[in-house]
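Engineer: Residue numbers (the numbering used here), protein chains in the order written: chain A, 20 to 436; chain B, 20 to 436.
In short, the hints are calculated from the structure, not lab data.
Do not rely on the hints blindly, as some may be mistaken.
Which copy? The list can't say, so a pair holds if one copy fits it or any two copies do.
[As the list claims (entries may be wrong)] With a Cα cut of at most 25 Å, we get these calculated DMTMM-like pairs of lysine to aspartate or glutamate:
# : residue 1 : residue 2
1 : 266       : 435
2 : 177       : 227
3 : 286       : 276
4 : 67        : 81
5 : 242       : 30
6 : 334       : 400
7 : 178       : 211
None of these values were measured; they are calculated from a predicted model.
Protein chains: 2
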Amino acid sequence: MITEILSTGDEVRSGAIADSNAAYISQRIEGEAGLPVSRHSCVGDDIKDIAGILREIGTRADIALVTGGLGPTSDDMTAEAAALAAGVNLILNETALGQMEAFFKMRNYTLNSSNRKQAILPEGAEVLYNPVGTAPGFALKIGKCLFFFMPGVPSEMKKMLADRVLPKIAELQGKQRHFCVVKTLSTFGLPESTVGERLAGLTEAVPEIRLGLRALFPEIQIKLYIEGDNQSLIDSRIEKAVQWILKEIGDKVISLDGSSMEAVIGKLLKEKNATLSVAESCTGGLISHRLTDVAGSSDYFLFSGVTYSNEAKIKVLGVSPDTLRQHGAVHEETARSMALGVKRLTGSTYGLSTSGIAGPGGGTAEKPVGTVCIGLATPREVIARRFHFSFGIRDMNKTIFAVTAMELLRRELKSEN
Amino acid sequence: MITEILSTGDEVRSGAIADSNAAYISQRIEGEAGLPVSRHSCVGDDIKDIAGILREIGTRADIALVTGGLGPTSDDMTAEAAALAAGVNLILNETALGQMEAFFKMRNYTLNSSNRKQAILPEGAEVLYNPVGTAPGFALKIGKCLFFFMPGVPSEMKKMLADRVLPKIAELQGKQRHFCVVKTLSTFGLPESTVGERLAGLTEAVPEIRLGLRALFPEIQIKLYIEGDNQSLIDSRIEKAVQWILKEIGDKVISLDGSSMEAVIGKLLKEKNATLSVAESCTGGLISHRLTDVAGSSDYFLFSGVTYSNEAKIKVLGVSPDTLRQHGAVHEETARSMALGVKRLTGSTYGLSTSGIAGPGGGTAEKPVGTVCIGLATPREVIARRFHFSFGIRDMNKTIFAVTAMELLRRELKSEN
Chain A
20 MITEILSTGD EVRSGAIADS NAAYISQRIE GEAGLPVSRH SCVGDDIKDI AGILREIGTR
80 ADIALVTGGL GPTSDDMTAE AAALAAGVNL ILNETALGQM EAFFKMRNYT LNSSNRKQAI
140 LPEGAEVLYN PVGTAPGFAL KIGKCLFFFM PGVPSEMKKM LADRVLPKIA ELQGKQRHFC
200 VVKTLSTFGL PESTVGERLA GLTEAVPEIR LGLRALFPEI QIKLYIEGDN QSLIDSRIEK
260 AVQWILKEIG DKVISLDGSS MEAVIGKLLK EKNATLSVAE SCTGGLISHR LTDVAGSSDY
320 FLFSGVTYSN EAKIKVLGVS PDTLRQHGAV HEETARSMAL GVKRLTGSTY GLSTSGIAGP
380 GGGTAEKPVG TVCIGLATPR EVIARRFHFS FGIRDMNKTI FAVTAMELLR RELKSEN
Chain B
20 MITEILSTGD EVRSGAIADS NAAYISQRIE GEAGLPVSRH SCVGDDIKDI AGILREIGTR
80 ADIALVTGGL GPTSDDMTAE AAALAAGVNL ILNETALGQM EAFFKMRNYT LNSSNRKQAI
140 LPEGAEVLYN PVGTAPGFAL KIGKCLFFFM PGVPSEMKKM LADRVLPKIA ELQGKQRHFC
200 VVKTLSTFGL PESTVGERLA GLTEAVPEIR LGLRALFPEI QIKLYIEGDN QSLIDSRIEK
260 AVQWILKEIG DKVISLDGSS MEAVIGKLLK EKNATLSVAE SCTGGLISHR LTDVAGSSDY
320 FLFSGVTYSN EAKIKVLGVS PDTLRQHGAV HEETARSMAL GVKRLTGSTY GLSTSGIAGP
380 GGGTAEKPVG TVCIGLATPR EVIARRFHFS FGIRDMNKTI FAVTAMELLR RELKSEN
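Could you build the full structure based on these sequences and the hints that come with them?
Structural biologist: Put into structure tokens, the structure is as follows:
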């Protein structure tokens, strides 16, 4: 089945944003439905341009995934363009309207006329339910191609793709469909190119497996794709590949199910019935933000003190002014004192701390931008480590500092088991 | 002049990377040459697919910018595809070879046969010099369209676009050249659909302006596009549009230059020589993380206490156990006490606090998921407000809670001026 992707919208066309939706859809369609995408296209918010390219795709492809232009404003004109291209009328779709009314009612909003416009869809369109936004999606045949129209907002598109579109495509594939399994491992500590090199021999060891890498900076996900129609054979090959990878780079693998670092830490803390407090300087709250993104984190996460100023380090965490005077804020001794201080302050099982220079300013010859000291207070000891990273970009530094600190804690939690 | 962009390569087609080259080229072509790009396309490393789409574009566009497939390996086949589409032979281009030899000599490299392949270009192609890599670019007419073929490596493409392609396009445009200006305003407090409705009259008030909206949840950016060849006329129309927007939804506009909420707050605090500390519960460090994403934030940001547990609220912030017992953690009184506590603890000018229920668990009938209480301690008073949002998704709730708290502070800082 020939598969294409179309992105609509002036923000992509004009280059205000890069087309990450198209990349995401390509990955999932290829990985999960086993359908390589043959072409991406993008046109702006212009009804003639959209209708024109829909007709073109309708002569070339069997399946097309379209994003954008389903919103309530006047520059949202995908439904109208689809009707034009298909040669059908626009009508008020009662299913779509009903779903929107329920969505609004649940949130105590009032449905206004511009929202009502979103329920006006091409005749014959099949509604694709949107549980996280107001814009309903729809499926419609134009020419020989079945189009799936989805919202451009990434969170809404992702949900609709997973819940509505991929199952529909699997249904269409019918008996043609093989099992197509994706197994995801998360790693931390090697750049993407090195992971690729270290795993180069995998396709020889398990030829049925296709390997994919996905960078979720600074974590690298390893994706194993396999097709077939014998579930137990698939399972054993996946298992063989996982074992091969663990032998090769096992110490860098943080989860065998794609879980993020913060989710892995949460699970380990829960298993131990332990609690955590954090003292952050250069990471500015990012460790805390990521830890609390995990639902249920209030079970083990007690407190984070984002102590940017020396005064806050002294007053809140009890770091001694002498330590700061003697070693400065970015030092193993200070990190050690912060970790211990936040553990004592809150009575948590573990205390984790960061102090470093995220940049762009603040670097010196001895402690250049990218330097971070990490402290970890455990029930038995207090350890501190110094690292240097040379990304030179503030938010990348914050991120790598935060994940490196969490990795130190993860290794400690694992080693105690 | 109709302008299109084509990206070639399996890494974009398969979604391994997002097409940031296309976004970059769009912006520069639209911004500097005043040529809105009408379409982007992407196909993989397949000679028939590339030749096919080159022919298509040759019937539609006047100018096309192509990236990728100029390297030395066997999956680099753009030159061959271009020759096929143009119906000309491939020949060794002496100019390209000379430039490559000079490039290699300067670096003491040896030119091997696979590099030599890069100098084999379609007959009639005009070489575009690449000063930063081995792959020469080239310009070639196919159909009615002049194609500029550039490397896919971003740094090489950017240099070639700036030094070779944009000047060439300016030459072609002759006196036709327009200015094309984009102005960005940031807003908070209205959903995208309402912003669209409230600004529906803008195109009537200033017909020369094209309006675009971009959702950066929960902020909505307003983009104003305008073309023309008289800079002062453009400026006055942009100014007229901005004034119109300010009259219509001025209280929702947070910046006139696209700055984010945290950047606006940082600027206001700096102007006042004031400092800020934050006590976060439900936002889990996100306010702090966003504030510290702004370079230079250590000038005004002193501390954030992420006090998830009641014990931390009591011990660190000095919230009275009675307040917590009487009202619970999510209450205006608690938020007030947290804001005041963190201000006192650190001696900051302002104290900001959040306490709420981000979900998925923890909601009650009286305080459902999505409830947040925000406290703000200023030099004169302590205020507290309660809000309810019904997104029902943990990270959306965290985000809207954080930005709502920052908005309360922004309004206070503005009103004091």
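Engineer: Work down the list of hints and note, for each, if the structure agrees.
Structural biologist: Hints versus structure:
no. : hint         : verdict
1   : 266 with 435 : within (21 Å within a copy, 63 Å between copies)
2   : 177 with 227 : neither (28 Å within a copy, 36 Å between copies)
3   : 286 with 276 : within (13 Å within a copy, 43 Å between copies)
4   : 67 with 81   : both (22 Å within a copy, 19 Å between copies)
5   : 242 with 30  : between (31 Å within a copy, 9 Å between copies)
6   : 334 with 400 : both (23 Å within a copy, 24 Å between copies)
7   : 178 with 211 : between (27 Å within a copy, 20 Å between copies)
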